[in-house]
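Enquirer: Chains B and F are the protein sequences, given in the same order.
With my numbering applied, the first sequence corresponds to residues 90 to 419, in that order.
With my numbering applied, the second sequence corresponds to residues 90 to 419, in that order.
Hint data in this document are derived by calculation from the structure and do not stem from the laboratory.
Take the hints with a grain of salt, since some may be wrong.
Identical chains share a label here; the pair holds if one copy fits it or two copies do between them.
Here are the simulated DSS-like cross-link-like pairs (lysine-lysine), alpha carbons at most 27 Å apart as the crow flies [stated by the list, open to error]:
{"#": "1", "residue 1": "343", "residue 2": "285"}
{"#": "2", "residue 1": "343", "residue 2": "368"}
{"#": "3", "residue 1": "101", "residue 2": "129"}
{"#": "4", "residue 1": "386", "residue 2": "368"}
{"#": "5", "residue 1": "194", "residue 2": "395"}
{"#": "6", "residue 1": "95", "residue 2": "395"}
{"#": "7", "residue 1": "413", "residue 2": "285"}
{"#": "8", "residue 1": "155", "residue 2": "129"}
{"#": "9", "residue 1": "91", "residue 2": "285"}
{"#": "10", "residue 1": "386", "residue 2": "285"}
{"#": "11", "residue 1": "413", "residue 2": "394"}
{"#": "12", "residue 1": "343", "residue 2": "170"}
{"#": "13", "residue 1": "386", "residue 2": "99"}
{"#": "14", "residue 1": "98", "residue 2": "402"}
{"#": "15", "residue 1": "395", "residue 2": "407"}
{"#": "16", "residue 1": "129", "residue 2": "407"}
{"#": "17", "residue 1": "180", "residue 2": "158"}
{"#": "18", "residue 1": "194", "residue 2": "285"}
{"#": "19", "residue 1": "413", "residue 2": "386"}
Below are the chains, spelled out letter by letter.
There are 2 protein chains.
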Amino acid sequence: MKEFKKYLKKLKKQPVLVVSHESPDGDAIGSSIGMGFLLKELGFEPLVINKDLVPEKYSFLENNIKIKKLDDLNQNEKLEKYLVFVMDSGKLDRIGFVLEDIFPKYVGIINIDHHISNDFFGIKNFVYPKMAATSEIVGSLFLDLIGYIPSEAATAIYTGVMTDTGNLTYESTTSATVALVSILHEMNADFNSMRKFVYENESIGQIAGVRAILNNLDYLMDGYIAYTYLNYEDILANNLTAGDIENYVDYPRKVSTSEVAILFKEFTKDEIRISIRTKSKIDANKMAAGFGGGGHKRAAGFRIKKPLNEAIKFALNKIVEGLKNNEWNN
Amino acid sequence: MKEFKKYLKKLKKQPVLVVSHESPDGDAIGSSIGMGFLLKELGFEPLVINKDLVPEKYSFLENNIKIKKLDDLNQNEKLEKYLVFVMDSGKLDRIGFVLEDIFPKYVGIINIDHHISNDFFGIKNFVYPKMAATSEIVGSLFLDLIGYIPSEAATAIYTGVMTDTGNLTYESTTSATVALVSILHEMNADFNSMRKFVYENESIGQIAGVRAILNNLDYLMDGYIAYTYLNYEDILANNLTAGDIENYVDYPRKVSTSEVAILFKEFTKDEIRISIRTKSKIDANKMAAGFGGGGHKRAAGFRIKKPLNEAIKFALNKIVEGLKNNEWNN
């Protein structure tokens, strides 16, 4: 963190771009907006973007800092000589587009992340796997460099930390994470709005989505694996976005017997997105890597280009075999 | 809090009993065990009891301090001249039995609670409605009086605070609450066991219970009221206890439109238990008081001695009318 602080302090004024991964979750949004505020405090005029629209439940975070959709950028914005801050992305392709194609004059990438699977794609790589969220990195930097956090930035960082740690209950949480959240409270992070917009904002469709994944819930290896799926029809009928579904994997995870919880998501008919959560014995990041994906020890993901039922069969077979061979033990 | 500290410091050695409310939740268990440890550190030999058995998901908290079931006490234990610490109970009848009947020689009640509805039934009443949990009161006392918290006590207090605040997201949470949790982390509260036993410990039956309340979910006043119920048959078939069900009211609460979330629980055919949660405009404690119950501004409960469908009709009619007459506004 010291190196990162020194780097930011010495950074000469220039156009800066902040981008996070596509289908942004709370930590992608929170760390992007938080970093936007931090760069502003340091005298920059950051452009904050994402390939995708900010999910409605996180839109309350967009006040002084907006996250522009890639498609909505104008030609001038694309032609700046940006230094690009890539947030919360283990691999560069997670941003969902090729930087060169959209920003032909960008000068370099600053890689800011907490995923242990990060492959160091930047000219500078500030990767801290001990941080529970990329937003925690931004919060710590803010306090160290500026000494306070403006309320709006605090709300964004709070949202990122809470959503990425299961409200401070996941193994990744440290006493430093909780201490930061306590400071964010003192900095007037709007935790009531966060709860209301992020956690108490389910539509009838989202409730129907939960009902579907509970109905599809099944078990393997005496419940050691608990898995479920959401098919294309249910996603479409209930108007579900990636953001709506991101925490549904918590349901198979909650089952007492399950060490490995899996959610298959059929957003498109030809590519299935899979979320994995593990509890204590199996390394989810290693498991996902076996399928070309990545993430953390307890939470990871990958994709399979097959129809849903084939993807389920293929993944579960490989996972059962891998577990039996102790391939992904911690 | 100063008065409470002074009181505990000056308390002469005598038999002490710690009891909390029947159907104990995380805060009842956490504050009882926490208080047990604190009294031990202060040189007492507390007897910690409850009318009911500790729910299985909280049993990991019982190591050096066990919570005895009322029925399992022997005659000697009943005949001591106890000073009785009543934890987390707004009214004395919440403990589920008459103190005089079981402990004929008890000398007085110390009432320790954070419910705003508390009716000051003790010879001393240490009631702090600004505390997010009774366990938070115990944690603060521990730090002030002893300066540290033994790991096991920290785990119990952590469990009480987290379960009573929706993992630090409810309106009742203050930066002091979060700061205490950060200290509990440093005191080696076993947050991984808490998550595993309390949050990741659902049985197939509990999952079926959630499915049932999602199927029974309905709305009134354009979704301003979201309510659901669990009937006797579903409770029985899925082997559900009060502890299993305590957070099911979070599902109607999560619906974006709902200000008032209600869960009807048919544990017995002749008495329905009702949980209310409100978000920002309606005082749940005032609403519950209209039915002879109580609790907090955002979370309260009451009971109705009618068959389930009659209780639902009766309560909803009265609630709709009360809301239309602005009877329970904050």
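Enquirer: Please go over all the hints and tell whether each is borne out by the structure.
Expert: Hint-by-hint comparison with the structure:
In this homomeric assembly, residue 343 and residue 285 come within 27 Å of each other (Cα to Cα) both inside a single copy, at 23 Å, and across copies, at 8 Å. Both within a single protomer and between protomers do residue 343 and residue 368 lie at most 27 Å apart by alpha-carbon distance, with minima of 10 Å and 25 Å respectively. In the homo-oligomer, the alpha carbons of residue 101 and residue 129 lie at most 27 Å apart inside one protomer (13 Å), although the nearest pairing across protomers, at 60 Å, exceeds that limit. Taking identical chains as interchangeable, the C-alpha atoms of residue 386 and residue 368 lie at most 27 Å apart only when both belong to the same chain, with a minimum of 9 Å there against 35 Å between chains.
When the C-alpha separation of residue 194 and residue 395 is checked against a cutoff of 27 Å, the pair qualifies neither within a copy, at 37 Å, nor between copies, at 73 Å. In this assembly of identical chains, residue 95 and residue 395 lie within 27 Å of each other by CA distance neither inside one copy nor across copies; the values are 47 Å within and 69 Å between. Taking CA atoms no more than 27 Å apart as the test, residue 413 paired with residue 285 passes between copies only; the shortest distance there is 23 Å, against 43 Å inside one copy. For the identical chains of this complex, residue 155 and residue 129 are intra-copy neighbours only, at 13 Å inside a copy versus 55 Å across copies, given an alpha-carbon limit of 27 Å.
For the identical chains of this complex, residue 91 and residue 285 are neighbours neither inside a copy (36 Å) nor across copies (35 Å), given an alpha-carbon limit of 27 Å. Taking the shortest Cα distances, residue 386 and residue 285 sit within 27 Å of each other only across copies (16 Å), while inside one copy they are farther apart (30 Å). For a Cα distance limit of 27 Å, the shortest separation of residue 413 from residue 394 inside one copy, 25 Å, qualifies, whereas the shortest one across copies, 54 Å, does not. Taking the closest pair of Cα atoms, residue 343 and residue 170 never come within 27 Å of each other, the shortest separation being 47 Å inside a single copy and 44 Å across copies.
Within a single copy, residue 386 and residue 99 get their C-alpha atoms no closer than 34 Å, and across copies no closer than 50 Å, so neither meets the 27 Å cut-off. Taking the shortest alpha-carbon separations for residue 98 and residue 402, neither the intra-copy value of 52 Å nor the inter-copy value of 64 Å comes in at or below 27 Å. Taking the shortest alpha-carbon separations for residue 395 and residue 407, only the intra-copy value of 15 Å comes in at or below 27 Å, while the best inter-copy value is 54 Å. In this homomeric assembly, residue 129 and residue 407 never come within 27 Å of each other (Cα to Cα): the closest approach is 47 Å inside a single copy and 53 Å across copies.
Proximity of residue 180 and residue 158 under a CA criterion of 27 Å is satisfied intra-copy only: 20 Å inside one chain copy versus 55 Å between copies. Taking CA atoms no more than 27 Å apart as the test, residue 194 paired with residue 285 passes in neither setting, with 41 Å inside one copy and 49 Å between copies. With identical chains, the CA atoms of residue 413 and residue 386 are at most 27 Å apart within one copy only, with a shortest distance of 19 Å there and 51 Å across copies.
Hint compliance for this structure: hints 5, 6, 9, 12, 13, 14, 16, 18 are broken, all remaining hints hold.
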